[in-house]
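Asks: Just so we're aligned: 157 in my numbering is position 173 of the sequence shown, and the numbers increase by one with no gaps anywhere.
FYI, nobody ran anything at the bench for these hints, they're computed from the structure.
Honestly, I wouldn't trust all of these hints.
Unchecked claim - In silico DSS-like pairs for lysine-lysine, Cα to Cα no more than 27 Å straight-line:
#1 K100 x K387
#2 K66 x K100
#3 K100 x K177
#4 K278 x K66
#5 K150 x K278
#6 K66 x K150
#7 K150 x K100
Bear in mind that the values here come from a model prediction, so they are computed numbers and not experimental data.
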Amino acid sequence: MGKRFGVLLSLLMLQGIFAQDPNLPSDLRQQNLLLVAPQLFNPVMSLEQEYTHRFSAWSRWQWQTIDLDPTSVMVSYTGARKRMAYGAGFLEHNTGVFLQTGGFLHTAYRFTLSPKVRIDVGANLFGYLQEVADNRFFLQQGIAPFTGGSDFVMRLAPALQVGIGKFALGMSSENLVDYNITRSTAVTDSGEKIFTGMLHFTAVPGPGPGFIRPQVYIRRLPGYDTQYGFNVLWSASRFWAQGGYNSFYGASLGLGGRFLDRLSLGGVVEYDSPQPDNDALTYGIMAALDLGPKLTQEKPRARQAPVLPERDLLQEAEEARARQDAIAAEQAARQAAQERRDSLQQAARQAVAERLADSLARVEAARAVTVQPQQGERYQEVAAEAGLQPGYYLIANVFGTQKYFEAFMRQLQAQGLEPQSFFREANQFNYVHLGRFPTMEAARAARDSGLGGRYKGELWILRIR
């Protein structure tokens, strides 16, 4: 009877311990860790890390009472490359009911679809021992479900984010897969999964390093009201500041300094809205040390000419003179080539002019020649007409009717000859001739020979002066 009474008394005392204040969710309030551990809020946010190596530490004390003292402690390392991030850390989290002690592994990768569009995927894998936070009132043999022992729990928290320019829309789950290895059973069922959706924007306010990142989010926690909130992180070259509001936890404010552009120190104060009677505050301190080369691209600064040794200066001067000499030689060669082209063109124009003048002189001389027709010779001489070149034409026939003219042309072509013709405006006749000759002697020789015996008909000579 006494043993049963002791068990009942322990249950009543345990209920009093856990019911003295409203229970808080088991989350880490990751929305306030955007400076030292953004991967706990969303695993893909580590891809925005500024340096290749970061070591972080964080500790938080919630309210301070005699019976309960929920605290959280974390140390972690995060490495980053151009498109991926990875890391690990130690975490101890006191929810007020359970004490969770263990570590986590982290990884994230970026798929770049275009200069402005990207898809980020990542995950956190937690492994920790879970035990009752305060076991002072437990009997030697634990009372289910609080056995007084430790359970080892594995938990997978994946995330997906789509980025377009400076905007990013993400989704994550804090316990999509969880498993109690000690008890060989799942910790939560499908209806008890925690999901968080977020939208943030990154702006660079000035020419120096730093950024401002406002963010809104909504979190579904089964058994609690849906949380929604916003936060803003301002990271500058010498300080950082953050502020935000959560519909469940209330407002928060953080401030810290940055030293040597690598070490960040500061603290965060949170107002616990579920504890209005105690007017309790939650205090957190955090530190981050960045090492390795910087990953983000800074805006270009004025480039200073490097200081070169004297020998290098002499060599550079000689190379500059050689380049100038080569440029001058090339310009001289181009000028000489142009002068040769101009000279050839001038000579060609002069030769053409001379040939033209000689031709005109010969034409004028030919026009001045007086022809004395032979006895019985059929010969006609007319002044120059438009379209007719001067010379002695061997005329085969003259037509005033077009169809007879065309028939005669076909007849000559059938004989293997190459007849030509011209039309005189003065008398409206078509003249068919078998050649034009520069002198009367040449025309007479062709006429008398019948074009070398090829034409048997009558031929006569027409001179165009």
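Asks: Evaluate each hint against the coordinates.
Replies: To see whether the hints hold, each was checked on the structure:
no. : hint        : result
1   : K100 x K387 : violated, 81 Å
2   : K66 x K100  : holds, 15 Å
3   : K100 x K177 : violated, 32 Å
4   : K278 x K66  : holds, 11 Å
5   : K150 x K278 : holds, 20 Å
6   : K66 x K150  : holds, 17 Å
7   : K150 x K100 : holds, 8 Å
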